Each structure stands twice: as structure tokens, then as C-alpha cells.
Amino acid sequence: MFDFSVVTNWINTQLLSIMPDWAAVLIECIIIGVCVLGAYTVLALFYILYERKLCAWFQCRLGPMRVGKWGLLQVFADMFKILIKELIPLKGTDKFLFKLAPYIIITASVTMLACLPWGKGMQIINYNIGIFFVLAVSSVGILGILLAGWASNNKYTLIGAMRSGAQMISYELSLGLAIITMVLFAGTMNITDIVEAQDRGWFIFTGHIPAIIACIIYVIAATAETNRGPFDLPEAEHELTAGYHTEYSGIHFGFFYLAEYLNLFIVSGICSLMFLGGWMPFHVSGWTGFNEIMDYIPGIVWFLGKAFFISFVIIWFKWTFPRIRIDQMLAFEWKYLMPIALANLVVMALCVTNNWHF
Amino acid sequence: MAVKSPKIRSMKYEDFKDNQYIDSLVEELNATGANVVVGKLDQLINWGRANSLWPLCFGTSCCAIEFMCLGAARYDMARYGAEVARNSPRQADYIMVQGTIVHRMAPVLRRLYEQLAEPRYVIACGGCAVSGGPFKNSYCVLPGVDKILPVDVYIPGCPPRPEAMFYGLMQLQRKIKVQKFFGGANRKEKIQDFFAKNAREVGKY
Amino acid sequence: MANIQDIIGKICPSATFEQGQTLLVNVPAQDWRKLAVALKQNSDLDFDVLSALIGMDWKETLGVIYYFTSTSRNWEMLSVKVEVADREKPMIHTVSDLWKVANFQEREVYDFYGIEFIEHPDMRRFFLRNDWVGYPLRKDYDADPAVNPIRMEDEENEDDTYSLKVQPDGSVRKVKGKVFDADDYVVNIGPQHPSTHGVMRFRAALDGETVKKVDVVSGYIHRGIEKLTEGMTYPQTLHFTDRMDYMSAHMNRHCLCMCIEKAMGIEVPARAQVIRTMMDELMRISSHLLAFGCTSMDMGATTCFFYGFREREKVLDIFEKTCGARMSMNYNVIGGVIADLHEDFVKDVKELCAIMPSRLKEYHKVFSGNIIAKNRMVGVGMLSKEDAINYDITGPSGRGSGWSCDTRKKHPYASYSQVQFDEVLEEGCDSYARYMVRMREIEESVKILEQLVDAIPEGPIRAQVPKIVKLPEGRWYTQVEASRGAFGVYIESKGEKNPYRMHFQSPCFNLVGVMDLTCKGNMIADLIVIGAALDFVIPDIDR
Chain A
1 MFDFSVVTNW
11 INTQLLSIMP
21 DWAAVLIECI
31 IIGVCVLGAY
41 TVLALFYILY
51 ERKLCAWFQC
61 RLGPMRVGKW
71 GLLQVFADMF
81 KILIKELIPL
91 KGTDKFLFKL
101 APYIIITASV
111 TMLACLPWGK
121 GMQIINYNIG
131 IFFVLAVSSV
141 GILGILLAGW
151 ASNNKYTLIG
161 AMRSGAQMIS
171 YELSLGLAII
181 TMVLFAGTMN
191 ITDIVEAQDR
201 GWFIFTGHIP
211 AIIACIIYVI
221 AATAETNRGP
231 FDLPEAEHEL
241 TAGYHTEYSG
251 IHFGFFYLAE
261 YLNLFIVSGI
271 CSLMFLGGWM
281 PFHVSGWTGF
291 NEIMDYIPGI
301 VWFLGKAFFI
311 SFVIIWFKWT
321 FPRIRIDQML
331 AFEWKYLMPI
341 ALANLVVMAL
351 CVTNNWHF
Chain B
359 MAVKSPKIRS
369 MKYEDFKDNQ
379 YIDSLVEELN
389 ATGANVVVGK
399 LDQLINWGRA
409 NSLWPLCFGT
419 SCCAIEFMCL
429 GAARYDMARY
439 GAEVARNSPR
449 QADYIMVQGT
459 IVHRMAPVLR
469 RLYEQLAEPR
479 YVIACGGCAV
489 SGGPFKNSYC
499 VLPGVDKILP
509 VDVYIPGCPP
519 RPEAMFYGLM
529 QLQRKIKVQK
539 FFGGANRKEK
549 IQDFFAKNAR
559 EVGKY
Chain C
564 MANIQDIIGK
574 ICPSATFEQG
584 QTLLVNVPAQ
594 DWRKLAVALK
604 QNSDLDFDVL
614 SALIGMDWKE
624 TLGVIYYFTS
634 TSRNWEMLSV
644 KVEVADREKP
654 MIHTVSDLWK
664 VANFQEREVY
674 DFYGIEFIEH
684 PDMRRFFLRN
694 DWVGYPLRKD
704 YDADPAVNPI
714 RMEDEENEDD
724 TYSLKVQPDG
734 SVRKVKGKVF
744 DADDYVVNIG
754 PQHPSTHGVM
764 RFRAALDGET
774 VKKVDVVSGY
784 IHRGIEKLTE
794 GMTYPQTLHF
804 TDRMDYMSAH
814 MNRHCLCMCI
824 EKAMGIEVPA
834 RAQVIRTMMD
844 ELMRISSHLL
854 AFGCTSMDMG
864 ATTCFFYGFR
874 EREKVLDIFE
884 KTCGARMSMN
894 YNVIGGVIAD
904 LHEDFVKDVK
914 ELCAIMPSRL
924 KEYHKVFSGN
934 IIAKNRMVGV
944 GMLSKEDAIN
954 YDITGPSGRG
964 SGWSCDTRKK
974 HPYASYSQVQ
984 FDEVLEEGCD
994 SYARYMVRMR
1004 EIEESVKILE
1014 QLVDAIPEGP
1024 IRAQVPKIVK
1034 LPEGRWYTQV
1044 EASRGAFGVY
1054 IESKGEKNPY
1064 RMHFQSPCFN
1074 LVGVMDLTCK
1084 GNMIADLIVI
1094 GAALDFVIPD
1104 IDR
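Protein chains in written order, with this note's numbering: chain A, 1 to 358; chain B, 359 to 563; chain C, 564 to 1106.
Hints in this document: simulated from the structure, not taken from any laboratory.
Any given hint could be a false lead.
To give an idea of the interface, some chain C residues facing chain A are shown, with a C-beta separation under 8 angstroms as derived from the structure [unchecked claim]: (1) P757; (2) A864; (3) F869; (4) R873; (5) S931; (6) I935; (7) A936; (8) P1023; (9) Q1027; (10) A1088.
Which residues of chain C face chain A? A few of them, derived with a C-beta cut under 7 angstroms, are [claimed, not checked]: (11) G863; (12) T866; (13) I934; (14) N938.
Taking lysine-lysine pairs in the DSS-like style, the calculated list, with each CA pair at most 30 angstroms apart, reads [unchecked claim]: (15) A:K69 to B:K494; (16) B:K538 to A:K99; (17) B:K505 to B:K494; (18) A:K155 to C:K741; (19) A:K53 to C:K937; (20) A:K335 to C:K1083; (21) B:K494 to C:K776; (22) C:K652 to C:K775; (23) C:K1030 to C:K702; (24) C:K1030 to C:K972; (25) C:K597 to C:K739; (26) A:K69 to B:K375; (27) C:K622 to C:K597; (28) C:K1033 to C:K1060; (29) B:K555 to A:K69; (30) B:K375 to C:K884; (31) C:K739 to B:K494; (32) B:K548 to A:K91; (33) C:K644 to C:K728; (34) B:K494 to B:K538; (35) A:K53 to B:K365; (36) C:K644 to C:K622; (37) C:K884 to C:K1010; (38) C:K622 to C:K652; (39) C:K1010 to B:K494; (40) A:K53 to C:K924.
A quick note: this is a predicted structure, and the numbers were derived from the prediction, not measured.
For every residue, glycine included, the Cβ atom is placed at its ideal position computed from N, Cα and C.
Isolated chain A (complex conformation) (with noise of 0.2 angstroms):
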């Protein structure tokens, strides 16, 4: 396996030869900035063409096709338009909370971005609590949406922003204690070394049925968390009319739009980290032939792929399932959900102490 660091410890290197250290490190946070930003357009640009495509194949349709080749030029022309379009000051709402909104929600996602490591020493920065990290900052993404809600004084936007506070605190717990379980599992937070940790097999086959379980769970808890479908109920178009960001026009929805399709690519990374072993190939015991195959395939188009699949399930539910209401979705959660992952992570538990993993 390639590891990554090598390429950027060279650069160090060449950086720390030429300058002195303060300087080096400025550039390297620079560059660093500009490939997360970067990562971040192109991976939220994608995945809006990814699911537009998807649900027209749901849907027995063509999708964007007559922009660019395949309507791959599509998502630029929607930024381009998206970018220039008018900001529409509006009376009567609380003016800096507003403009604050959908910054806080962009900074979190792009802050969930810059903690997942894409391939073997291809992460910012190596955290010991990495995941305890992330799951933190995703609540900050809550913080705005609620913001949006309560500034934009508008009935509708209060509603969708209640609502997704309500839903996004009791599926937090879930998605913790799945990836808790997870956690218990690899005996670390430091995501690094929950990956190595699946050299010799993916969580989900070493862990068996309680890994299962904490992956199911963690798919579904992470579909609210994203608020899409069946659990958009924060936009709930057909109820209220844009959900929490009604009000906003050009980039700031922008913000929102793009936010959203990358909080889906953040779920599936971690989804991917966490069960499926992030950027180690995918081997059976025994097939040496088949094994060397995959071990060509780089460490960075193994993480992509196993994100951009679960992406793919989180997209199908959006596309298949009806919107569930919102009591039912609290029932769901407080009632099912979070009992049986406290029940998994006793399992969890039970074999971790008693190996009965692979």
C-alpha cells in the first residue's frame, strides 16, 4: 500500500530547505486550504450531477443531458447562475444571524471534510480522538440550520428549523453509539488506526453481527442526519415549501445546496472508515491471485468507491421511500433505533471481551 505521507513529507522537506519554519508552515496550510476547498467543489459539484443522474435512472428518465457531453457541464452552469444571483436583503429578519447561517453550516461541513483521511497518510492532520472530533463538529452543522430557521422570521422556516433540531439531537445518539460500537471495536478513536485495524478483514465481516447492526444502523441514523429523504422533513417541499432555508437566494442557498450533497459524501466516508476499511482493498483468505488484483487498485479509489456506494443506498432510500412524519420519526428513533444500539453495543461488548470476532 502507497502511503501518502511520503509525497508530503517531501514537501516539507524541500519547504523547510528553502525557508524557515514559520514560512514553511504558512505554505503548507495554504496548499492545504486549497485542496480542501477544491476537494470540496469538485466532490459537492459531483455528487449534485450523481444524484440528479441517479434519480432520473430511478425514475425511468435521462437527466441533464444537453449541457456538455452527458450534461456533465451542468452543475457549472448552476454555479455559475447560482453564484451571481441576487442576494435578497430582507425586512424584518435578524440581519447578521441570517448572513451568519449559512457560513456556520458550510464551515462545519468543511471542517467534517478536512478530518477524513482519503487514502494511507493522505489526512490533514493525524487527531487520537479523530472520530469524537468529527462527530462533535457535526453538530455544529445543527446550529446554523436552527439560525437559518429562527432569523429568517418566517413560519415555515421555524417549523423546518424545530423540526430538524428535534431530529437531528435524537439521531445523533444513534449515529454515536453505532459508531461507539465501532469504536469499542478497533479499541481506538484515532480513525488511522481503526483503518489499519482493518488490514485483515472490513469491520463488517471481522464483527459480524453486531458490526451488521451498528452498520445499519449508522446508514439510517446518518440519512437523518442529512436530512434527506425519508427523513427530509426539515425541507419537507411538499409541506414546507424549502424547509429552513425558504428565504435564502443565490450563493447562501448555494451554501445550503452544496453543504447538503457534501454531508452525504462526509456520512459515506465515515460509513466507509468505520465498517468497510476505508482504503484497504478488498481480499479473501486464500485468493492470493484475486488479492494482488485489488492491492493495484490505489488506497484513494477504494475510499471514493466504498463512499460513493453508500452514497448510491442513501440515495436509492431518498428516491423510494415516502416522507415519514415527524412524530413517527421520533417513535422511530427514541423507541427502536437507539434501544437496539445500546443493546448492540452490550453485544459489541460481550464480544470484544470474550473474542468471539474473527
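Start from chain A and add chains B and C according to the hints.
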């Protein structure tokens, strides 16, 4: 830099019906002239705007059902990138007025238009929106939305076929492609003029 | 008939009778209340359905014509005419406490004719702006645009209402009321809202997410069709019907044609009858497919919408080939249909009948059987059978409450007496039952089509109709089963070539009447589902 006649994918320029109008717009733009950088930027922006037309879900009667057909699988508006029908006017780019506008609805429609973010466009779709249609003589029907909104494209029909709606959509794209973002005639001012003139006349209908 | 005449004569000696299409009872306004109570409560009369309530202006007098149906006595109909001479302050006693359906209909009459209803709980305008001057359907209405210009300023929310209460001394006094309490959290849904199926506007008072009260504000697409028809000849009036409930265009037009044919005594050729029946059923399929699509889309299952529309396109193709248009077909004319069937018609219909069962199975697999969909719809928007009858909720929504109310069975018309089909009934009384009735009705429609497609008789498609269509003096009321319930047309003629009064009794009008009843206590998300399952079409309500 000279502005060229707008091109629409897989439809010849000559196949469109009202080329004189587009030609006159092109001429108007060329008369003032612009430098290459600004011109190129304008082209890029217009390309983005023309290809990303998000409609506002706004239908009052029969035409709205045909609009749904337009979005459905056989006609598939998504091919033009126009399937992102927004329910909030702030995020939409154009209103396609589908159906009759009556007295009670007129202020609501105007308000919806005002809530759209610039650049905003209006398509009058169907006989009722164009002229009041079969209900023109009624005591409470607006004889055409152009009495209260600056309409960009008219699509006649009762209701227009989805193909006609596509034609209207492409006409709107053509119109957008010969606009200026930097300098030149300011769209917003023109709209202000329209409303000023309109305020004096609207009581007559 | 004589029996009813005797009973009514005993209760209300001042009543006079007129024979016609249905028995007409003339009652003076002061005796009307007594008779109304008897019509509802007397077990010998037992007219439990108020089918139509039509405001009238006879130049010297104003008044209301009521059409009652008795479900217990084989859907027998009775009409009642109440007249008031006072044009300045006309007042009639309300029947909205006896037949709940009258609530909105009396408001409509108030809006059009200015007739105030004593003891009506909520006398506000229904279709027109609050600041509208005059009553447009009166014959002496001033149509000058200067009187009612287009007002571009926003309308005030009308929270003040009043009702006329009878005092102990017999006088009538205005009592003011409020629609919503001052501290209600009122959310405005519509007129531009994705799930109101057009431009309906609901104002819902919320408690958290629970709906406390729904106030229906209609009229955002009120086009004044009934007034327009009065200035047109009969053939010219036909095209409006296609544009009211555009999802039952054929049925509506069928109904108007039938009414005119009945008045003129025209015999429609057998071929035209069969063609009309088949077109009606095709329309029903297309309408129910749209209803399926919209119900699922309103609940967030967007993909089902596309599946529904995929099959709907096939129906539209059949229409297009024969009628020349996908919507607003303008196909039925007085005496028959306008054009003969396209040569592919039989083949296309057979193809459609062949694919529909498997497609329905697919819908059930994707949507109806989905646990979330079931949870959202089962037990939501309960409407008991008694309420359905009282509110005159016909069509799939009424049958979802177990009320057998299919006009095709009760008053068979066209070729419906020759075909075998079941009236679909569900006992659930909830949104899911209404939805399932629609899905099962598609199967029944396919059954009817299969029976007729090979048995289209040869012959003319149109009867001989005089060049100038003139109806004799009189009044006629016909009903057909449109996609959303019993659609009625009332024509009153003075022997001219244009109608003196033409009224369309639309099923959707009654459907919005139950929104408050069904939504109360449910959540705001349920309001959307209830609306989708009732499946009203707004231009049909507003006309």
C-alpha cells in the same frame, strides 16, 4: 467583441420562428460594444444562466398538469437542467405562469415575481396567461399576465403541448444568451420602468 | 310522488308543487325552515343528501333552488325553490346545521347573489375578494371594470366574520365573530404551495405541529364560468366544462351534453353512447393515475409520480389520436361526439388494458405496500359514513368511507347499464381507504373498457341536432360520476338560445368542505396527506 446570434443545441437557428427579435437584440448589444474580456465573461455568465433555468412551481389550472407531464419521464425537463423546480420563489429563476390569473390571484402573482431573485424571467404559458383565453370576458379574469408582469416568452395553446413548452424554454435560453451582465442596458431598470408604467394602467382592466 | 306531495302539504300548507324532471316544491322563505327540518328528520321523507344548492336571480325575486336526494328511497330526488322578494336585504334561513355541505355552498350563494343566510355560522365571501363591490351573478350586476378594477394591493386577511342570529322576539341581529383567536399560531398554506394541487389556500391554526382549525380561502382561480355561460349559446358553453375539472374533462362535458339532450329530447345514437362511456373510463384511469402520482409525491415518494405518469401518457396518446388533444379534448358535443374513433383506438385500448394490471401490481409493490406510506395514511383523516353523507362527499372519497354513492349505479346513464362492474367500497374511512378505492377503480375501469372495446356498435356518431340549439322553458339537473364524485349540471332555461342560469355542482367543492373536519387533531404533515387523498382539483371548486 461582437455578440453572435445565440446557438441552441440540436436546433438550427433558422428553425426558430422569431429570429428578427433576437437579431434586433444582438444588434442593440453590438451597437454599444464591449471589450473582449468583459464580452467573454458575459458569454460565460449567460451560458450558465441559460442552461440552469430553475422554474418556480406555479400552476393555477390545466397548463400545470401539462407542466407535470413536461417534468415526467416522457418529456423530461431534466434534460435541460430545469428539473430543479423550486417551491420557494427566492431560489427560482423564472415563473412559468400556467393558467388563468384572476383578480384575487393577481397581487399574489406580482408578489411572487417580486420575491424572485434577479435575474428573473416570466413565461406566459397557455391561452389564459397570454390573453385571458376563453375567460377573457369574465368579470374577474386578468386579460393576460403581461398586464402586470414583464413577460419574456409567450407560449400559446390550451394547454400547450409539452413540446411547445420546450420551444418556449429554448426561446428563453436564446433571449438570455444575448443579454449583458456587465454594462449595457440594465435589466432591473427596465423592469422598474415597466412597473411604473403599469401602476398607472392596471386599474383599467 | 303523490305521497311526498301529501306529506309536504301537511307540514307546510303554503307549499305549491310543480311537476317537471323532478318534483319542485315552492316554499315561501318564512316557512322554509320548518320544511327543511322535516325533509331531513321526517322518516317518511328522509332526504339525507343535499345534492345541489343553487342561487338564483329571477329579476324580481332572488332565491335558492335545492336538490335533495334520498339514499334510503332509491336515490329519489326532490327540488325545492325558495324565493325572497327583498332585493336590498334578501335573507333565507340556513340549512347548514342540517346538511353540513350547505356551509360553503351558502357562502357561495352569498358571494354571488348577496343572499344572507340566517343562523349561518360564518357569513363571509367565498370566491371574491373581500373588497369586491356588488354581487356578480345578479342580473343587474355592473360589470364595468372601473367598479372592480384589478387591485394590486394585497388582500387583508379576513378574520372577522358575522352571523345573523334570530332573537327571541323574531327579529334578526348581526353577531360578530372571529375566525381565529388572537393568540392562535396561524400558518398560511397556499395559494402558491406545492401540495395544494393548484391555488388553494388554507389557513391552519397550529398547536405545535397539530392542526386546531383549518380555514379554507378559495377563489384564487375563480373565473366566473357560470356568469360567462349566461351570455353564450349552448354549444359555446360546452368548452368550459373541459377546463373546470380538467382531470374529468370528458365526464363533465358528457354531463352538460346529457343535460341539454335531455331538455331537447334528443336520442343519442348507440355508438356515441359507447364511445362516451369508454372515454369517460379512460379519463377516470388517467385521473386516478395522476391522483396516485400526486398522493405519493406529496408524501415525498417522488419516483411513484413518474411511474403514474408513465402510464398516463399512454391514455393521453389514445385521447390525442381520437380527439386531437392531450388535455381539454372538447370531444363530446350535443347529440353525440365530434369525431369518429381513430383506427388505432381499439388496438391501443386493448394494449392499455393488458398492461394496467401488472403496472398496478408494481404501484402496490413500490408505494401502497410500503410501511411508511401505510403509517402515513392509515387512520389519518377519518371521515365517518354519516359525515360523508352529510357533507355529500361522493366519488372515491365517499366510497372510502363505505358509502355506496356511485352515480353510474344509482342513475345509470350512457352504456353503464349494459356493463358489468363492481362499485368499489372500502370501510377504512381514512386516507388509505380513499387511496385504495382509486387504485381499485382503475381495475374496474379496465374491466368496463374490456367489455366495451369489442362491442362498439356501428352507426352514426351524432344525432341530428337543430342548427340553433334552443331549450324549452324549464329546469333540468343531471349528474354523472366524474373522477372525483358526482358532478351535476343545472340548467334553467327561458326558451332562449342561451341559458338563463347554468350551475355546475362540482364534487371537489364538497371535498374542501371536510378539510376542517378531517384535519382537526392531525399534524400539519397529515393535512397534506389528507388533501392529497381527497384529491380535489381547484379550478373545479372555484369554477
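Status of each hint after checking the structure:
1. P757: This interface hint holds because 5 angstroms falls under the 8 angstroms limit.
2. A864: holds, 4 angstroms
3. F869: Result: holds, 4 angstroms to nearest chain A Cβ.
4. R873: At about 6 angstroms, which falls below the 8 angstroms cut-off, the nearest Cβ of chain A leaves the hint on C:R873 intact, so it holds.
5. S931: violated, 11 angstroms
6. I935: Nearest chain A Cβ about 5 angstroms off; hint holds.
7. A936: Check passed: Cβ of C:A936 comes within 5 angstroms of chain A, closer than 8 angstroms.
8. P1023: violated, 42 angstroms
9. Q1027: Status violated, d = 48 angstroms.
10. A1088: holds, 5 angstroms
11. G863: Cβ of C:G863 sits 3 angstroms from chain A, so the hint holds.
12. T866: holds, 5 angstroms
13. I934: violated, 9 angstroms
14. N938: Check passed: Cβ of C:N938 comes within 6 angstroms of chain A, closer than 7 angstroms.
15. A:K69 to B:K494: Status violated; Cα separation ~45 angstroms.
16. B:K538 to A:K99: holds, 29 angstroms
17. B:K505 to B:K494: At roughly 13 angstroms apart (the allowed maximum being 30 angstroms), B:K494 and B:K505 satisfy the hint.
18. A:K155 to C:K741: holds, 22 angstroms
19. A:K53 to C:K937: Within the cut-off at roughly 29 angstroms; holds.
20. A:K335 to C:K1083: holds, 26 angstroms
21. B:K494 to C:K776: Distance of about 36 angstroms is beyond 30 angstroms: violated.
22. C:K652 to C:K775: violated, 35 angstroms
23. C:K1030 to C:K702: This hinted pair holds, its Cα atoms lying about 28 angstroms apart.
24. C:K1030 to C:K972: violated, 34 angstroms
25. C:K597 to C:K739: With a Cα-Cα distance of about 26 angstroms, the restraint between C:K597 and C:K739 holds, given a limit of 30 angstroms.
26. A:K69 to B:K375: Roughly 27 angstroms separates the two Cα atoms, so the pair holds.
27. C:K622 to C:K597: holds, 26 angstroms
28. C:K1033 to C:K1060: holds, 5 angstroms
29. B:K555 to A:K69: violated, 45 angstroms
30. B:K375 to C:K884: Status holds; Cα separation ~27 angstroms.
31. C:K739 to B:K494: violated, 37 angstroms
32. B:K548 to A:K91: holds, 24 angstroms
33. C:K644 to C:K728: Distance of about 23 angstroms is within 30 angstroms: holds.
34. B:K494 to B:K538: violated, 36 angstroms
35. A:K53 to B:K365: Judged against 30 angstroms, a Cα distance of about 25 angstroms means the pair holds.
36. C:K644 to C:K622: Within the cut-off at roughly 15 angstroms; holds.
37. C:K884 to C:K1010: With Cα atoms ~22 angstroms apart, C:K884 and C:K1010 stay inside 30 angstroms; holds.
38. C:K622 to C:K652: holds, 15 angstroms
39. C:K1010 to B:K494: violated, 41 angstroms
40. A:K53 to C:K924: holds, 26 angstroms
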